[in-house]
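**Student:** One-letter residues, chain by chain:
2 protein chains.
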Amino acid sequence: MNLDRCCIHTITTKPWTLAESVEHYAAAGVKGISVWQNAVEGMTHAQAGDLIRRNGLDVVSYVRGGFYPHTSAAERAKAIDHNKKLIEEAAALGAPLIVLVCGASPDQPLEVSRQQIREGIEATLPLAEQMGVKLAIEPLHPMYAADRSAINSLAQANEMAEAIGSAQVGIAVDVYHVWWEPNLEAEIKRCGTHGNLLAYHVCDWKVNTVDMLNDRGLMGEGCIDVKKISSWVDQTGFDGYVEVEIFSNIHWATDQHEFLGKIVQAFEERV
Amino acid sequence: MNLDRCCIHTITTKPWTLAESVEHYAAAGVKGISVWQNAVEGMTHAQAGDLIRRNGLDVVSYVRGGFYPHTSAAERAKAIDHNKKLIEEAAALGAPLIVLVCGASPDQPLEVSRQQIREGIEATLPLAEQMGVKLAIEPLHPMYAADRSAINSLAQANEMAEAIGSAQVGIAVDVYHVWWEPNLEAEIKRCGTHGNLLAYHVCDWKVNTVDMLNDRGLMGEGCIDVKKISSWVDQTGFDGYVEVEIFSNIHWATDQHEFLGKIVQAFEERV
Numbered sequence: 001m002n003l004d005r006c007c008i009h010t011i012t013t014k015p016w017t018l019a020e021s022v023e024h025y026a027a028a029g030v031k032g033i034s035v036w037q038n039a040v041e042g043m044t045h046a047q048a049g050d051l052i053r054r055n056g057l058d059v060v061s062y063v064r065g066g067f068y069p070h071t072s073a074a075e076r077a078k079a080i081d082h083n084k085k086l087i088e089e090a091a092a093l094g095a096p097l098i099v100l101v102c103g104a105s106p107d108q109p110l111e112v113s114r115q116q117i118r119e120g121i122e123a124t125l126p127l128a129e130q131m132g133v134k135l136a137i138e139p140l141h142p143m144y145a146a147d148r149s150a151i152n153s154l155a156q157a158n159e160m161a162e163a164i165g166s167a168q169v170g171i172a173v174d175v176y177h178v179w180w181e182p183n184l185e186a187e188i189k190r191c192g193t194h195g196n197l198l199a200y201h202v203c204d205w206k207v208n209t210v211d212m213l214n215d216r217g218l219m220g221e222g223c224i225d226v227k228k229i230s231s232w233v234d235q236t237g238f239d240g241y242v243e244v245e246i247f248s249n250i251h252w253a254t255d256q257h258e259f260l261g262k263i264v265q266a267f268e269e270r271v
Numbered sequence: 001m002n003l004d005r006c007c008i009h010t011i012t013t014k015p016w017t018l019a020e021s022v023e024h025y026a027a028a029g030v031k032g033i034s035v036w037q038n039a040v041e042g043m044t045h046a047q048a049g050d051l052i053r054r055n056g057l058d059v060v061s062y063v064r065g066g067f068y069p070h071t072s073a074a075e076r077a078k079a080i081d082h083n084k085k086l087i088e089e090a091a092a093l094g095a096p097l098i099v100l101v102c103g104a105s106p107d108q109p110l111e112v113s114r115q116q117i118r119e120g121i122e123a124t125l126p127l128a129e130q131m132g133v134k135l136a137i138e139p140l141h142p143m144y145a146a147d148r149s150a151i152n153s154l155a156q157a158n159e160m161a162e163a164i165g166s167a168q169v170g171i172a173v174d175v176y177h178v179w180w181e182p183n184l185e186a187e188i189k190r191c192g193t194h195g196n197l198l199a200y201h202v203c204d205w206k207v208n209t210v211d212m213l214n215d216r217g218l219m220g221e222g223c224i225d226v227k228k229i230s231s232w233v234d235q236t237g238f239d240g241y242v243e244v245e246i247f248s249n250i251h252w253a254t255d256q257h258e259f260l261g262k263i264v265q266a267f268e269e270r271v
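Residue numbers (UniProt numbering), protein chains in the order written: chain D, 1 to 271; chain P, 1 to 271.
Treat the hints as calculated values from the structure; they're not laboratory data.
Nothing false has been slipped in among the hints.
If the Cβ cut is set under 7 angstroms, some of the chain D residues that face chain P in the computed set are:
{"hint": "1", "residue": "106"}
{"hint": "2", "residue": "142"}
{"hint": "3", "residue": "143"}
{"hint": "4", "residue": "145"}
{"hint": "5", "residue": "147"}
{"hint": "6", "residue": "152"}
{"hint": "7", "residue": "156"}
{"hint": "8", "residue": "180"}
{"hint": "9", "residue": "182"}
{"hint": "10", "residue": "207"}
Treat the numbers as computed from the prediction; the structure is a model and nothing was measured.
Using N, Cα and C, we set each Cβ at its ideal position, and we do this for glycine too.
Okay, chain D solo, but in the shape it has when bound (with noise of 0.2 angstroms):
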C-alpha cells in the first residue's frame, strides 16, 4: 500500500521517545502516527500534538480507553471517570479517536461484562460527542477473553455498534484479532455499510507465537493475508490511514531505525 496512507503506533517503536519517533517516522515518509498513553511523558497533551503536527504529521488515533468491566460498582464508575479523562486527553492531543480496548472479569460471566462494556461506553457518550472524539470498539481475539475484552470477534463488536447506534461509536478492526473469523469478508462489509469502520490495524500473526502479548509479527512474518483484508476494508470506502501496531519483544530488542526501514518496506510490499 501506498505510504501516504501510512500510520504507526507510538508502541510499535517502543524504545522511542515520542519525539523520536515523531523524528523518525516523518523522514521515513510515515504520515500518521497513532499515541500511546505512554508515549506523552514530560509534556502536556497539547504540546504533544503540536510537536507531531509541527513534524508534518496527523494524530490519528489516542490508544487505549476501556476496560470497563468489574465486578464492583466502584471500580466501574472509577473506570467511567478514567476514559472521560482519555477523552479530553485526547481532545487536547488533537486525536479524532480513542481505541477502546474494553475489558473483561475472570471472575463474572461474560455476557455480564458485555452488559457493562455497553454501559461504560454510553456513561462517557455525551462527554465524546462534545469533545469530538469518537470511540472505536476494538474486538480482541477471544485468547484475550479472560481479562483484556469480552468483546472477541468482528461479528460481536459490530452487533455492539449497532446496538448503541451512536454516530460517535464505531470499530477499530485490527488483523492480528480477527484474521481467523470465518465470516471475516462479510462482517468487514456489514461494518462499512453501518458506517462503524473507525479504524483499520495490520501486523500479522506468527505461526510459532511464543508470548501472547508481546510476539506479533511484521507484516509478512506470519500467516495472515493481510493484503486481502486490506482489500476487503478499502471495498467498504473505508480510505484512511492503515496503522501498524506491533507488539514484539522481539522488535523491540533490534535496532529501530533498521526495524522502522522494514515496516516500511512491508507496508508497501504486504499490505
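With chain D fixed as given, assemble chain P onto it according to the hints.
**Tutor:** Below, chain P without anything else, positioned relative to chain D:
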C-alpha cells in the same frame, strides 16, 4: 459431577505409563480412560485395550487423528492413510471414537484448509463405518488457527458435521476451546439436536496463561464456568463420560498421585 462419569486422558498424567495410569485411575474411582497414541508403547493396541478393561475401565476415546490440510496433494493423501491406520488402531484398542484435531496450513487460506478437512474426513468414512469407530471433530480455540485447526468454534464444527451428515461423524466439545463463544449455549443445543455431541472435555482457562499449548488449568484454577457448560451439555441428553484433558507443564512437574487426587476432587466439586 459424580465420579462414575469421570474419564481421564492419559496425557493429563503424562509422566505415567499406560499401566500406571490405568492402575491409579481405577484405584481412585475413575471409570473411563482416553488413550493418547504415545501411551500405547511396547504393546499392541489390542493388548492396551485388554489391560484397560482388565482393570475395570472403559476406553472412551483414542486421541488423536486429523491434520488433513496440506498444500501438497501427496501430503494430504499421506494424512488420509495415517488416519485410516488410526481408525484400525482405535478398533483394535476397543475405542468407540477418535478425536480429530483437524489441522490447518499457514500457507493457504483457512477456507481451503476447511475444504481439505471435509475431504479428509469423508475419505476415511467407509473404513470408520466398517470398523465401528466414530470420528469427533474437535473445534480448537482460534489461537490455534495457524497450524492446528481451521475449525475454531463450535458453530463451525456444527456446520461441518451437519454438512457431512454421517452418523459416523460428530463433535468433541472441549470447554478450553469454546468457553468464549457468545452463542455457546445455543450451539451446544444445536450439536445435541443433530445427534453430533459425541464427547465432552473439561479443564480450565488460566487468566495468566503463559504457554499456548501446555498451561491449561485444573477445573477451578481458571475463569471457565465449567458447571454451567456441563449443565448445557447434559440438557441435550448427553450422559456419556466427561473427559479430563489437561496439558500442563506445571502439573506434570508435580507428584502425579497428588495431582490425581486434585483431579478427582475438582471433578466432584467443579464439573
